Amino acid sequence: MQEKASYSFAAENDTECNAWIQTLNKVINAAETASNVSMDRIKEETSTPEKSSDKIEHSMHPELQKYNRETDSTLAKSRQEGRQNLFRVYPHMNRCLPEDEEDEEEGDEINVYPSQYRERFMLRLLDFKLKLQFNLGDELKCGNKYCNPEPFFLTFCLYDAKEGRKISEDFHMDPNDPQIKEMIPSDVLHASDRLHTVEGKNSSPDLRGLEESWILAQNRQGVFSVICCHSEVYLFVRIEKVLQGPLSQATDTYLKVGEAGRTAAKQYKQMKQLCNNIGHYRMPFGWAARQLVSSNYGPSELKIYRHEGSKLSEDDVIKHLQDLRKPEKQGKLQEIPATFKISLHKLGVDQPLSNSLTTSLIPVKPFPTPPPDPPAVEIDEFVPDKGHLCDTFDSYKNNLYVYPVCLKYEHQKSFPKARNISCCVEVRDSDEDGALPLKCIYARPEVGVYTTVSSTAVLHHQTMPDFLEEMKIALPIQLTDRHHLLFRFYHVSCEGSKSSIRSSNTSQKKKDSIETPVGYACCPILSSGRVAVGDQNLPVTVNLPPGYLSHELLGGTRGSSGPDLKFVDGGKGIFKIKLHIMSTVYTKDQHLHNFFYHCQKMENSLSTGVDHESLNKLKIVWQTRREVENEDTYLLNNVKMICKPAKDLEETFLLNSVKSLHASDVSTYVKFLPTILNQLFSLLSKTECEDVAVNVVKVLVHIVSEVNTAERIKTLRNYVKYVFKPGHVPRGSKQRTVHEELAKNLTQILQPSMADHLVVTKFLQHSWFFFETLIKSMTTYLVDSDRIKMPRNERFSGDYQFRIERLLQTLAPNITQRHREMPRETKTANLSLANFVKMCFTLMDRGFVFRLISSYLENFGPGDSKTLQECKFDFLRTVCSHEHYVPLSLPLMRKGMIKTFKDIKLEDLKCDYTLSEEYRKQHYLAGLILQELKMALSEPREIRRIAITVLRDQLAKHSFDDRYVSKTQQGRIAALYLPLISILMDQKRHLMDDPMNPSVPPPPVANGDISGSTKGELRSQSGQKTVTFDQRDSKVFAMIAGTGAPVLSSVPDLKNHLSGSNSSLTSSTSSMDKSEKDGSKKSDPVKDKKGDKGHTRALSSGSGTDKGSAPSPKPSSMMLKYQRLDIVEIKDLLLCFLYIIKHLPDDILLGWFNNSSEFDIIDFFSILEVCLTHFKYQGRKKIHDLSIIGDSRKASTMPYSRRSTPSVVSSNFQMRTVSQYGDIPDSPHHGMSSDADAVMKALQEANMTTEIGLIFLDLLSTYCQTFKRNLEHKDGDNSLMRKIFSLYLSFLQTSQSEHLQKHVFAAWRSFIKKFPSVLFRGQASLCGDLCYEVLRCCNSKLYSTRKEACALLYLLMRANFEYTKKKSFTRVHLQVIISVSKLLGDDVGLSNSRFQESLAMVNSYASSDRAMQTKLIFQDNNNGLMAHRRGDGKGRKRGQRPEETWKFLMVGGIWQNTSERKSGFPAEVKDLTKRIRTVLMATAQMREHENDPEMLIDLQNSLAKSYASTPELRKTWLDSMAKIHFRNSNFSEAAHCYIHIAALIAEYLRRRATIPCISGDVLWTEGSFPQGCAAFKTISPNIELEESGIKDDSGMQDVQYTEETMVQFLEQAAQAMEQAERYEILGEIYRLIIPIYEYSRDYERLSTGYSNLAHAYSKVVEVTASGKRLLGKYFRVAFYGQSFFDEEDGKEYLYKEPKVTSLAEICERLEKMYGEKYGRDNVKLIKDSKKVNPAELDTKFAYIQVIHVTPYFEEKELQRRVTEFEKNNNIKRFMFETPFTKNGKAHGEINEQCKRRTILTTSHAFPFVKKRIEIVDRKEMVLTPIEVAIDQMQAKVLDMKEVVNLSRPDSKKLQLRLQGSVSAQVNAGPLAYAQAFLGKDKITAFPIEHVDSLKEVFREFVCVCNDALDLNMTLITTEQKEYHESLCAGFQEIVTKLSELFGEKLLSSNGTIPKRS
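Quick note on numbering: the sequence shown equals residues 10 to 1966 in the working numbering.
It is possible that some hints are incorrect.
Unchecked claim - Derived CB-CB ranges, DEER-like:
1. SER87 to ILE119: 45 to 55 Å
2. TYR306 to ASN552: 29 to 39 Å
3. PRO381 to GLY340: 42 to 52 Å
4. ARG1729 to LYS1765: 13 to 23 Å
5. GLY1188 to ALA1744: 53 to 63 Å
6. LYS743 to PRO381: 55 to 65 Å
Since the hints were derived computationally from the structure, they do not count as laboratory data.
Nothing here was measured: the structure is a model prediction, and the numbers come from that model.
Beta carbons: idealized from backbone N, C-alpha and C, even for Gly.
Using the sequences and the accompanying hints, generate a full structural model.
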């Protein structure tokens, strides 16, 4: 024997060596175990498909081979492909980020102070040419060059004609050619600058390297900005020229152009002379204007209008502009011929400009030198001082605008000539002799960039000139009291300038003859320390000696005379100017100026002595305060201040200056915002005076409020974010920080004792600013001091933490107590506080922050108003949005990492799976969210929705967090929210609340919550409210802070336990007593089942409390009304639930299953059912329609039914809100959305449905695989299996995506492999439901669905066949037939072609599956070998069939002797498909006759009869017939269908007592019904005939009927009978029902039953008395025409029609119905009752004969059938009569008239399960004329008796009967019969018995007529007396004539009938 091979294993260490040994031992033990397995087990495994060999697998159909290789692991892996994020595909999620949360990208330029939106316009000068052109070429001897004959000066600006003011500064442009500019000598233009320039001293501002020539380029551009742009904003152009003389003289030359060349040359020469002398003096020439806003931007041409000589003021300009829009005014303006072209372009908002300069000529952005493009100068806009229009200064600007307005020289006597007046302005810094003006005035382009002197235009011969000039001055940064504006006035002589040419050599005398000084004015720039602005009226002096500023009238101190000054007009203010400042350095607000002044003094103060300068300023300060305080009071207060020490006095001044900031205008705050805030925060940290600090905070609150009111909130945010930086605090210094002082003083202003309502209101509204400032200061402090590296609990002092706590404790009551009067402000403060607390997690000790959260939430509780609840959840949402929320919540299991789910014990279930106290201690933030959610579910809908949204959004953030993308990380996060499962299980009843039932459901018993609730109580209005603690446990919070070791076992109790409510929805109501709980347990059907071994019934997570759990809370004193959850709320909650179960690790979830009770698990899976229902895909078309009209749904939920769909109704959707899921809307989707939105929503819902399906399949697969044995208990007859099965089945019941469908069918294949005993040995209903849905999928329009369904159906048959050891698949066979019948009966509409294709596919699988064509027979090894040896020499055993072949097969390592025999499986499959096709053919016929209700019912009835041996199939078709009858309102027939079903069940119950089940070991004897269907014969004789034919075959074992089932159908029958008005039959029905009620002691249903009977019998009394009940009409219908009616040809039927259907109506219905079927022209009706000979009919037509028939009764039968109901119930014989005469005519004389009576008998009695019954017998009777007379008179007598005997006489009916019998007009009828047959000459011609019968009938006739007349006498009124007498007369006539014929007196004198002897 060959030696066994040996192997060597190498290990690096002992651990690896031990691992090898352990592994090898496992292999050896496994091999030994396999060899010891019993033979039967090996055979069973060999026959199992999933254990088949490769040979067997390859013998299968190719499509099935891949299915055979499927395992749970491969299926689970395939389901993980292409998974979606739940929240990404959830349609109701809001995916729009708030604008304030959008961070700037790194590298972006940050606009710290965003300016207000302005419309910007770029101005360029294109051309300026007057019509009068001078040929400069003649002068220069260089050809032709035409240009203007003199220089012109253009000034552009903007005016608002609507507001009546100038809104921009001036922009000067030079339109002149260089040669024309040279007409003005440089000496003239720059004379003042050269005169006032000292070498080495330059007073002009720095040009920052820019070339002056570039700045003054002729093609430079102006950029105008307008913040309030409208149609009345004008671009105004002022055109000036060199001073020439009168305006008319200057303009006439251009208006009246004669000989252009000569005129131009003359003008040129004249102006050249003037330019040489007075070229620097200008005069007005004309103006132009255009609307700024235009539809056509770009090049445009302007008209130039002549300037009026005396109208040069700003008001005149405004008037001109306003008149431009008036055609009548515009026509009066004199136009100067010219070509004036400009280009005006509108710029984009962010359109960049190259080479752009600010209004102070500072580059906006750096650009290269030299610049490539001409400059673009920004023109300053004069924005009104309104906060919402102003911008915060963000670039240097320090300009003063001086506007000389007017000079009133009409009364001056100081100067002989003062008419052509020019005002020259200078800026000086001294009044000493020889002082020079500063070169800081912005000059015109022809002069330069800056100049020392700027002059106004000259108005010729005006002693009261109005000026329109604007002088723009660049102020020095440092201004003193000596800086002032000096105005010089000159009289300019035009004539003198013409007579001489000015040059540098011109004598002073000549100059003086041209320019004569006529006065001086002076205006100090600073007034009381600030720049003087506004209108000023200045005195004018004749002389100007040195030291003039010291004079009192020129700005000197009061009482100071100064030098000797002579004033014009007595020193009156005859010169008016206007000053306007645009400065970032100086403010025109006196209050702000004072504040800055005192702050500067405080910072510069180095000594503690008395500040005498402050004392000297006391008077000045007092003057400035007169506007805000009473003079005497203020002076008295300041006098008292003098007595104080200097330090206190300065603090008092500082305090007053701080307080005075409240009086500043909001525009001042906006402009100087960063400077003011920086100074205030600096003062806050430096001041030692508490009053100053408190008032600084108050001013801060006021400023922030005002700035926010001015819509500058973004500026405030940017200030905190980018600008605010507190001063550096050196380490170890005692200097106070901003955050410490701010927290302290905020607490001060919020305290109730000091609170100012207005200040508190403003703070609440804008608290975010202060909390963000606190965070910024804290952060800066930690970074600058390096304390950021210290442990968190050492970073800030305990004093600061105390201040923060105080601040929060002081702020909280302001929020909770003021929320009603200030809801918006309190919400804002709450949110700001939440953001502050959230940021504290990053900076401070996290345990301290938790204390802050707990302390704050103490102020809220159940029953709070909506505003407070919103505040609470906004706070929670914000705090929990911290970036480290997950680590803060400690996502750890209680005992660390677990190995298997069995390691999870019940203790863990209490601590980690429920909302226990310990859970909330360890996972504080997550516990807060869940706890508040649980409490909110008992609140109104608005609050509830907020709580749900908080949780939903929190989970969404987890799912999108790219830091936690791995499966393990998401699993640990999901484990944080495990208690949500128990919360939702508590709310299961409300999640499945029926929207049609408005009643509030009873509170459920706590389910899934071990701990119950905590020690705290729910307060009603005040008291403890939520989770609180005062002192943290160091270990827990050290771990949260990241400084301690993890706590894996248990968490020590906190000093103050986490308190609050952990109750379920019932917490606010009184708790259930023990008896109620016991009662609820008894009523649980699952628990009542004995011996159910499912899951271990451990302590339910909702029952009782453990020692470690807190006691239940006391009920709240306030009852909260429960409102049903709406659809969006339910979806949001379910979405959270789905997220958890999707990501939860299997071991954790299985641990929950393993330790939970069966009831909890069923509840869990019930929630899954709710998920499937609510997230069912509705289809793209429906979603699109709902999106277009508004997918709005009421607060409704679905009924608890696995096949129900959520009701969708039109309502007002709350966004969101869906919201829809918003509102939802939540996302919440709004009405009138676009088609693209609808398509997107459809895609989202489709993906959502698919993802949820995959989640469920994962979960179900895991559960089934782990707890397989529990599910197989009692062969699946347990609640858990039913629930699991229904969940699996729901996937087949609804339409799924192809992607999901593939996995659904794979899951079902796995289910069939796992649980064959459940499907093939347990209850047949499970297998039947599966077959039904699979067959429905076989009819799908999608080929992929049909293909998968066929494969699944085949594998189901195959599994059943193998389960019975290859004997048969009876169960699947029967259930398939039943399911096909159900599908056809439910009008599913099986497509013949698609379904036939599916059947062919199943047959293909069976015929090609070679493994199933033989069956393997195992034999004992020894016997087999011996038998083989005893073979017949042909390789066969003795007695072996020829088709058997014996083989040896290796099974489990042992050779086994086997035999192969042909299997009957393919044949059975083929037989099954054949039977299905038979049913389909019948169904095709039904579809052909779907518009023929009678034929359709006949076909279904024939199918039902064919399944008499199969109760379930017969019941299916009868049920289908009942539905059709209900649709057609045939209630009697529908009722009988239900009665037949009940009788079928009764017969089944009778026979079940004697039929053993298929296993043969148990006899079913319980619940039998001994009477069977015979008990129903009193209801209808048809029942026993139809339902007694049930056969005892094997199919009965799959039917599970009970007496309760029978009762249900009887109850339905009773309801239908009541609708049919057949009340009498209800008694017979309830005779069958009531004994069963009594036996089961169901007294409630007994009471209902007897009530129904009482009602029915009262209706019987009612309809009998009224006689108004109509139970139907009957018609005999015969069909003729073989080519049309086929088998129906020649057949006769009795039709039952409703109530009073006439012959014409049924004829019309049948003609229309068959006319549509065969063609209207091919159908003919036979309306007479003659006998039809088919041979005489035309075969081209379809003939229908309709005859009205009546029920026929024998006389004896009539004695039993007394009432109208009895005459219309259970009747099967009918008659109709045909009149004829012996001569062949239908009608003749009375004595010739005969009648043929035809009696028809039907196969079944009416009413029946169908409304037409075939006629099976026909008899005819011929009546002779006398018999006809007897019959007619008997009918009259019966009719009259019926009326007379009514319990309630009917006068109308009575009189109609009398009129037809005794009236004189018609009494010939009865008399005619008497005279024809009873006359003396005729009586002998008829049989004596007939004569006697006729006489007796007449006697009865007379008697009943007499009674009728007597009755009528009692009923008539006075008006009918005459009518009654006529009736009596007619009656007497009849009686008289009859008496004569009879030879006897028929009526005595007293009106009685005499007795005959």
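Comparing the hints with the structure gives:
1. SER87 to ILE119: 45 to 55 Å: Distance hint for SER87, ILE119 holds at roughly 51 Å.
2. TYR306 to ASN552: 29 to 39 Å: For TYR306 and ASN552 the Cβ distance comes to about 55 Å; the hint is violated.
3. PRO381 to GLY340: 42 to 52 Å: Check passed, 47 Å falls within 42 to 52 Å.
4. ARG1729 to LYS1765: 13 to 23 Å: Between ARG1729 and LYS1765, where Cβ atoms are some 48 Å apart, the hint is violated.
5. GLY1188 to ALA1744: 53 to 63 Å: 58 Å, holds
6. LYS743 to PRO381: 55 to 65 Å: Hint holds: Cβ distance 58 Å, inside 55 to 65 Å.
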